[in-house]
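Engineer: Chains as they are written, first to last, in my numbering: chain G, 20 to 303; chain Y, 40 to 456.
Note that these hints are calculated values from the structure, not bench results.
Please note: incorrect hints may appear among the correct ones.
Unchecked claim - Lysine-lysine pairs mimicking DSSO-like chemistry, simulated, CA-CA at most 30 Å apart:
| # | chain 1 | residue 1 | chain 2 | residue 2 |
| --- | --- | --- | --- | --- |
| 1 | Y | K163 | Y | K197 |
| 2 | G | K161 | Y | K140 |
| 3 | G | K101 | Y | K418 |
| 4 | Y | K267 | G | K161 |
| 5 | Y | K197 | G | K24 |
| 6 | G | K161 | Y | K145 |
| 7 | G | K133 | Y | K140 |
| 8 | Y | K141 | G | K161 |
| 9 | Y | K162 | G | K24 |
| 10 | Y | K370 | G | K24 |
| 11 | Y | K65 | G | K215 |
| 12 | G | K24 | Y | K347 |
| 13 | Y | K158 | G | K215 |
| 14 | Y | K418 | G | K161 |
| 15 | Y | K162 | Y | K210 |
| 16 | G | K161 | Y | K210 |
| 17 | Y | K67 | G | K133 |
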Amino acid sequence: MALPKYTETRYRIWHYFYLFICTCVFFFLIAPLFVIFPLSFNAEEFLVFSDGMKRLDPDAFSLRWYKDMIYGTKNPWGLATKNSFIIATFATIGSVILGTVAALGLSSRHMPYKGIIMATLISPMIVPLIISGVAIFFFMAKAGLAATHTGIILAHIVLGTPFVVITVTATLSGFDHSVTRAASSLGSDPVNTFMKITLPLILPGVISGGLFAFVTSFDEVVVVLFLAGLDNTTIPIQMWTGLREQLSPTILAVATCLIVLSTLILVTAELLRRRSERIRGISR
Amino acid sequence: MSSETKQILTTDGIPLEVSLKKAEKKNKIKAFLLVAPLLLFLIITYIFPIGEMLFRSVDDRMVTNMLPKTFQAMEKWDGKELPPEEVFEAFYLDYKFLVEKKTFGKLATQLNYEKNGFKSILKKLQRKMKKFEQGNYKEQIMNVHKRWANVEYWRAIKRRAPDITYSKYLKAMDMYENEDGKISQVSEDRRVHRILWLRTLEIAFFVTILCFLMAYPIAHLLATLPMKYSNLLMICVLLPFWTSLLVRTASWMILLQQQGIVNDFFVWIGLVGEENRPEMMYNKTGTYVAMTQILLPFMVLPLYSVMKTISPSLMRAGKSLGGTPFVAFWKVYFPLTIPGIGAGCLLVFILAIGYYITPALVGGASGTLISNQIAFHMKSTLDWSFASAMGLMLLTGVLVIYWIYNKLVGVDNIKLG
Numbered sequence: 020m021a022l023p024k025y026t027e028t029r030y031r032i033w034h035y036f037y038l039f040i041c042t043c044v045f046f047f048l049i050a051p052l053f054v055i056f057p058l059s060f061n062a063e064e065f066l067v068f069s070d071g072m073k074r075l076d077p078d079a080f081s082l083r084w085y086k087d088m089i090y091g092t093k094n095p096w097g098l099a100t101k102n103s104f105i106i107a108t109f110a111t112i113g114s115v116i117l118g119t120v121a122a123l124g125l126s127s128r129h130m131p132y133k134g135i136i137m138a139t140l141i142s143p144m145i146v147p148l149i150i151s152g153v154a155i156f157f158f159m160a161k162a163g164l165a166a167t168h169t170g171i172i173l174a175h176i177v178l179g180t181p182f183v184v185i186t187v188t189a190t191l192s193g194f195d196h197s198v199t200r201a202a203s204s205l206g207s208d209p210v211n212t213f214m215k216i217t218l219p220l221i222l223p224g225v226i227s228g229g230l231f232a233f234v235t236s237f238d239e240v241v242v243v244l245f246l247a248g249l250d251n252t253t254i255p256i257q258m259w260t261g262l263r264e265q266l267s268p269t270i271l272a273v274a275t276c277l278i279v280l281s282t283l284i285l286v287t288a289e290l291l292r293r294r295s296e297r298i299r300g301i302s303r
Numbered sequence: 040m041s042s043e044t045k046q047i048l049t050t051d052g053i054p055l056e057v058s059l060k061k062a063e064k065k066n067k068i069k070a071f072l073l074v075a076p077l078l079l080f081l082i083i084t085y086i087f088p089i090g091e092m093l094f095r096s097v098d099d100r101m102v103t104n105m106l107p108k109t110f111q112a113m114e115k116w117d118g119k120e121l122p123p124e125e126v127f128e129a130f131y132l133d134y135k136f137l138v139e140k141k142t143f144g145k146l147a148t149q150l151n152y153e154k155n156g157f158k159s160i161l162k163k164l165q166r167k168m169k170k171f172e173q174g175n176y177k178e179q180i181m182n183v184h185k186r187w188a189n190v191e192y193w194r195a196i197k198r199r200a201p202d203i204t205y206s207k208y209l210k211a212m213d214m215y216e217n218e219d220g221k222i223s224q225v226s227e228d229r230r231v232h233r234i235l236w237l238r239t240l241e242i243a244f245f246v247t248i249l250c251f252l253m254a255y256p257i258a259h260l261l262a263t264l265p266m267k268y269s270n271l272l273m274i275c276v277l278l279p280f281w282t283s284l285l286v287r288t289a290s291w292m293i294l295l296q297q298q299g300i301v302n303d304f305f306v307w308i309g310l311v312g313e314e315n316r317p318e319m320m321y322n323k324t325g326t327y328v329a330m331t332q333i334l335l336p337f338m339v340l341p342l343y344s345v346m347k348t349i350s351p352s353l354m355r356a357g358k359s360l361g362g363t364p365f366v367a368f369w370k371v372y373f374p375l376t377i378p379g380i381g382a383g384c385l386l387v388f389i390l391a392i393g394y395y396i397t398p399a400l401v402g403g404a405s406g407t408l409i410s411n412q413i414a415f416h417m418k419s420t421l422d423w424s425f426a427s428a429m430g431l432m433l434l435t436g437v438l439v440i441y442w443i444y445n446k447l448v449g450v451d452n453i454k455l456g
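Take these sequences, add in the hints, and give me the full structure.
Structural biologist: Here it is, written out as structure tokens:
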């Protein structure tokens, strides 16, 4: 965005002002995340930068809170991590299967009442989580599934499918249906066509929808707060409890791990998106 | 030669039109069957329970079922003066039955929602009732506590007679139905819910505006920079988007605390003195700052996807036709971005209006929203019907915006990442 040579001074000033504003906004967006990193290595118990840290004194840094996270007494994080992964994995599988199949139907031009059905399928993403939480809690309590893994997984499938539906229908919008017709004309049955032709082509969309579903389940706290019992505690619940009671550096150690995880997921999602766009011939 | 067209037949001898219709119908059913599992799943686990919330919010059969004889006896009572002996006797019998079944506590809770002060007098009645003699229950009950001789309490019981009630909705708007059945407002110092509704709207509105003001320049920068720079900067938008909400809230809790970095910075540049560091957390400021940062990506992404499609030559054309850059921007570029603005603002507003976690953690007492009140009644007071009523009121608002969003943007145009 280099300015042409003939730009008048006032526009030049305006341009630099604009760049300054943008820098500030980017800083506002990303900087808070980076506060967590150094403080999680704090040797002291306080959540402020100690004088030693400001002088970059090596003694002021330690892995103490990471040790506490893993080996600490009465440590809730082990169980929480296990539960979070189990719940998120099954919720992702459920969301991906239900969502992909539904997206296939929705992308068909024969689909009746497309608008209203799409709006219904997307609604769990729009409706405030607290309302979803209350409604799902009433259902699970009645079905006897409150405070069970199954109940939480089912709830997370509800919350995760909209993402899969959106990403897969977006992928299917550029899908060339003549390839499936070609497969059928060559004698393939619909299931075989789907597995061998359609699925490999829409796979990037399916996986990125799955990633959204996974992250949704992994980060979800409102609905779990209503549903979880002591055995179903998850990472977000532990963080929520910790943040409400006392902000200890152990939470920052966990938060750092979560940021690393989300970075990995972001990179995967970006690579998939680019690949999907390349396949569909949309390049930016 | 006749001019009428001959019907085209398929190889099976069926008219083509009929055959086509049959095939279309088959395709329709096929497409629908693919959607059916998810739709059914959502209807059972989600849509139907939301409907149940509606039922729960107006359902009032609990008290009706607990005091069947009383309400029957009350039918003849006009509610002007103290009820006759039959009502007292019926109430005594109903209550005695509840005490025997040990479910009288529920009645106390329910009646206390209607009028404060029921809990203690019902407890007292339960203790004294053991020594009651046969007959003349009116006097005996009235002797237990002077409130039992107050006609207002009996009217409060009578108000709970119908099977359905909309009192929870009135309560959510700080109104109530008084003795004559007129709807009036609660006294000024007890109007808590109206403040919360207004605050929710206010915070959602200003967060949307703030997000828009911050997102517009950076979306523009992302859309006009060359790919290799914009991809890198896009990560600044996407990383917070993918990071756990709790992690981002935690980072704001660290930044905004009194000994936190933001306050350190203010002291360092001399904006505030060391002694009077401002409280930036556990109040509205905290809610505003954290929510704006958390919802910003939801504004940037729709704006970016619209701006990406605007050709840069349009701005050049505007300028070459004699407009200054500002005029060209205002008359050419800005109108083209309005769809993105609409999509982003509606999305952020919808998300902000139902926010729960962040206000609960950084909002304190003055920065909490209606969602927090719903959670409070779900978890602490256990007044689920009131929580349902407030939830449905919030839901109605959200659905109206969702409907507008659907008309303007279309749900299938929601972009993710």
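Engineer: Tell me if the straight-line CA distance from K161(G) to K145(Y) falls inside 30 Å.
Structural biologist: The given pair, whose Cα atoms are some 20 Å apart, holds under the 30 Å limit.
Engineer: Would the hint linking K162(Y) and K210(Y) be met if the CA-CA limit is 30 Å?
Structural biologist: At roughly 26 Å apart (the allowed maximum being 30 Å), K210(Y) and K162(Y) satisfy the hint.
Engineer: When you check the alpha-carbon spacing of K67(Y) and K133(G), does it fall within 30 Å?
Structural biologist: holds (11 Å)
Engineer: Could you grab the alpha-carbon distance between K133(G) and K140(Y) and see if it respects the 30 Å cut-off?
Structural biologist: violated (53 Å)
Engineer: If you draw a straight line from the CA of K158(Y) to the CA of K215(G), is it 30 Å or shorter?
Structural biologist: violated (68 Å)
Engineer: Is K65(Y) within 30 Å of K215(G), Cα to Cα?
Structural biologist: With a Cα-Cα distance of about 24 Å, the restraint between K65(Y) and K215(G) holds, given a limit of 30 Å.
Engineer: If you draw a straight line from the CA of K161(G) to the CA of K210(Y), is it 30 Å or shorter?
Structural biologist: Holds. K161(G) to K210(Y) sits at ~27 Å (cutoff 30 Å).
Engineer: Tell me if the straight-line CA distance from K163(Y) to K197(Y) falls inside 30 Å.
Structural biologist: Between K163(Y) and K197(Y) the Cα gap is close to 21 Å, so the pair holds against 30 Å.
Engineer: Please verify whether K267(Y) and K161(G) have alpha carbons no more than 30 Å apart.
Structural biologist: Judged against 30 Å, a Cα distance of about 54 Å means the pair is violated.
Engineer: Please work out if K141(Y) and K161(G) have their alpha carbons no farther apart than 30 Å.
Structural biologist: holds (23 Å)
Engineer: Quick one, are K370(Y) and K24(G) close enough, alpha carbons at most 30 Å?
Structural biologist: holds (25 Å)
Engineer: Would you mind confirming whether the straight-line C-alpha gap from K418(Y) to K161(G) stays at or under 30 Å?
Structural biologist: Measuring from Cα to Cα gives roughly 17 Å; hence the hint holds.
Checked against the numbered hints given earlier, the structure breaks hints 4, 5, 7, 9, 13 and satisfies all the rest.
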